[in-house]
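With the hints in hand, could you dock these two chains into one complex?
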Amino acid sequence: MAQVRVTVDGVEYVDDVEPRTLLVYYLRERLGKVGTVVGCDTSNCGACTVHLDGRSVKSCAVLAVQVDGCEVTTIEGLARDGELHPVQKAFHECHALQCGFCTPGMILQAIDLLGDNSDPDEQEVREGIEGNLCRCTGYQNIVRAVQSAAQAMKPGAAARVEAPVTVAGD
Amino acid sequence: MIPAPFDYVRPGTVDEAVRALSEAGEDAKILAGGQSLIPVLRLRLAAPSVLIDLGGIPELRRIRDDGDRIAIGAMAPHDDVLRDELVHEHVGLLAKATATVADNQTRHRGTLGGSLAHADPAGDLGGVALALEAEFVIAGPGGTRTVPADEFFVDYFTTALGEDEILTEVRFPKYTGWGSHYEKFNRTAQSWSMVGIAAAVRTEGGTIAEARVGLSNMGTTPLRARGVEEALVGQPATADAVRAAAQRVTEGTAAPSDADAAADYREHLARVLTGRAVLAAAS
Numbered sequence: 023m024a025q026v027r028v029t030v031d032g033v034e035y036v037d038d039v040e041p042r043t044l045l046v047y048y049l050r051e052r053l054g055k056v057g058t059v060v061g062c063d064t065s066n067c068g069a070c071t072v073h074l075d076g077r078s079v080k081s082c083a084v085l086a087v088q089v090d091g092c093e094v095t096t097i098e099g100l101a102r103d104g105e106l107h108p109v110q111k112a113f114h115e116c117h118a119l120q121c122g123f124c125t126p127g128m129i130l131q132a133i134d135l136l137g138d139n140s141d142p143d144e145q146e147v148r149e150g151i152e153g154n155l156c157r158c159t160g161y162q163n164i165v166r167a168v169q170s171a172a173q174a175m176k177p178g179a180a181a182r183v184e185a186p187v188t189v190a191g192d
Numbered sequence: 003m004i005p006a007p008f009d010y011v012r013p014g015t016v017d018e019a020v021r022a023l024s025e026a027g028e029d030a031k032i033l034a035g036g037q038s039l040i041p042v043l044r045l046r047l048a049a050p051s052v053l054i055d056l057g058g059i060p061e062l063r064r065i066r067d068d069g070d071r072i073a074i075g076a077m078a079p080h081d082d083v084l085r086d087e088l089v090h091e092h093v094g095l096l097a098k099a100t101a102t103v104a105d106n107q108t109r110h111r112g113t114l115g116g117s118l119a120h121a122d123p124a125g126d127l128g129g130v131a132l133a134l135e136a137e138f139v140i141a142g143p144g145g146t147r148t149v150p151a152d153e154f155f156v157d158y159f160t161t162a163l164g165e166d167e168i169l170t171e172v173r174f175p176k177y178t179g180w181g182s183h184y185e186k187f188n189r190t191a192q193s194w195s196m197v198g199i200a201a202a203v204r205t206e207g208g209t210i211a212e213a214r215v216g217l218s219n220m221g222t223t224p225l226r227a228r229g230v231e232e233a234l235v236g237q238p239a240t241a242d243a244v245r246a247a248a249q250r251v252t253e254g255t256a257a258p259s260d261a262d263a264a265a266d267y268r269e270h271l272a273r274v275l276t277g278r279a280v281l282a283a284a285s
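First to last, the sequence lines map onto chains A and B. Residue 23 is where the first sequence starts when you use my numbering, and the numbers rise one by one after that. Residue 3 is where the second sequence starts when you use my numbering, and the numbers rise one by one after that.
FYI, nobody ran anything at the bench for these hints, they're computed from the structure. Do not take every clue at face value.
What the hints assert, rightly or not - Short derived list, chain A residues pointing at chain B, Cβ under 8 Å:
1. Glu40
2. Lys80
3. Ala83
4. Ser140
5. Glu152
Unchecked claim - Covered by chain B, per the in silico footprint, the following chain A stretches (three or more residues, Cβ under 8 Å):
6. 67-77
7. 129-137
Stated by the list, open to error - Below, a sample of chain A positions facing chain B; criterion: calculated Cβ distance under 8 Å:
8. Ala24
9. Pro41
10. Val84
11. Leu85
12. Gln88
For glycine and all other residues, C-beta sits at the position ideal for the given N, C-alpha and C.
Bound conformation, chain B alone (with noise of 0.2 Å):
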């Protein structure tokens, strides 16, 4: 199918992207990497009268070391992050579970902060930036202000970006030497995780030290699990003591029932991902 018609504007700068949107008005989109966008576009889902290109704004592409974080561009293409060498040094979970994002084309365009604005709970994506309690930098007509992850995920398809706001960076703090592993569970490489688990560990002699955990598509906004974070701590990194603190990934879930996986069946899975992504990171 073919799109509806809309006007297409391309600025070259954030300022020009915020006062374009600004004057387009609340029937406007922003237009990252168009992956997710430009098919729902094509179905007719949605019908923006103005389409605001981020793609001419070289600035926001760039991934850059910023002291004790890492600044990734909003537009920088998942191909960009998962290949960056600081990313894998300081954030390795982020490109783990990059690489698991759709499929190679999809990953040549589709970019960081598209995916995190666009919010789909069962993205790859989310649920990493809540556990690596990443920063979201957001400009606006009033200026630049920074909401943490925590704060940025607010329901389904929704954050807390105004109307009139743009996501130009998301800083990640670094977690240099942690290990890290992203598990999901999917039929096809484009088909969405029915529970994807991201999980980042710090160990000091076989015992867990640190633990974060992420869980994408297991509400109506990604989730991080701090029940199976706290657990974790103390604990020696064995299959036994793993599995037993995944067994309350699903405090505070909400699991949706879809033609993909029943709530309870999501449940099961999410116990026994966070067993094997928390083992494989921790090893």
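Only chain A is shown next, with the shape it has when bound in the complex (with noise of 0.2 Å):
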């Protein structure tokens, strides 16, 4: 067992871990953090993305003991004060969904991307999530809501989005 200390969407954990526990599985069996889902068993799919240390990440591809003394944001952390992210606003807005299972990952790679690149062309989101699959093949309404969550979040643009979502639960 190794110890990693890690805070996860603004929590600070220490756990005992084994070595070969990967971070997906450290977030959804221990931290239940099941927002984060495993959709492929070969780093193919990018369901899994989270921030680590503020850049996306497969986190199947990371092992919990690698994050010891990081930072890991989920697709839980990102809604503020029961406000949704405007990325995820966006997904919710232009209905980039449709099983939905890829979302999560969809939703922090393309934040990720918006802070590279604050206005990105078609082209440019289609290459920024290229390491996302959605196997409903739903990438036209994914890449809209990538253009329209980059107006929303542009300065000065808090006007024009709508009525903030109510997050369920809250």
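So, in structure tokens, the structure goes:
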């Protein structure tokens, strides 16, 4: 066993983990963060994408012991005071999901992309999310949502954003 | 799937890492960015007894100007390499090829050294290191040694690294002012290149003065297309001249046949992509 001290969605955890524990299973099974899903066994699909110290990673290709001293953000840590993150809101408004399984990873990767490029064109969005697969093949609306979020996140755009969406359970 | 159990060591210095590797014996494995190794462990294609994680050694992430070379720490993530100004200015081909490695998430974790030491002949960076005559700095129990790229890649997934040695740095000569381009053919972001062509050229008044061409997935190791390089020198940087020189790209290759492509199709791709890569590099 190895000790890991990690901040996940703003809360610090100290846990003993087996070195072979993948970050995604630590998040899901130890911390109950089941919003981060396992989509494939090959690191292809990107459904398990989280942010590690601010950059997107596939949490099935990271060991929990490797994140000792780091900060992790999952899909469950994006909303603020019951209000969805603008990218979450845009996915909701643009109907950017069908089955929804790829959505957590798509949103985390979209946020990473928008951090690098605040106004991506369609091609740049498609390349930015190339590590995320939507097996419903619903990419059109996903691309629209990312571009819509980019507009909503521009400085001074807050007035144009529709009424906040209430998070279930809040 | 879940990897088989292993012990985990996270040394803070290269010396500690070398010592840990010697103590752990031949069943140990070095963990760099983990973007190839962790999937391999998960699929239980490998089950090392000990993993030695180089992630706790900050000096191995450094990218620095080393006089006539750019020295890149083995643990520099792809994302650092492709954004680095020194790399852009002096080793543009490496920046361009690195930008095509896998996908964003993988480039955030995956490292230059890990990718080269893994030595998958379909990887994007081996051909670049060969074509640009990079040097590999290797630490072992007896100290440090340097291996040129054309001796580093030995066979399929096999390098000159001994079982008790660690790749610490890769040094690229400066190609300041050269044009470069990396051209590859693959079906999706995550799939390996069917063929990848790395080209760098120096032109003088529309004539190709020097050329470097490296190949991915055209044999059991990355390869260098010296025949194309020779044929390009002295030629005008025109489509006809470049395409004629590109015909020599299959000399000395042994393209594999697999589910992605048959050998003769790979040879065809190599000729076409070499023409495109050299023309783009020269323009």
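Quiz item: In ascending order, which of the hints set out earlier in this document are inconsistent with the structure?
Solution: 4
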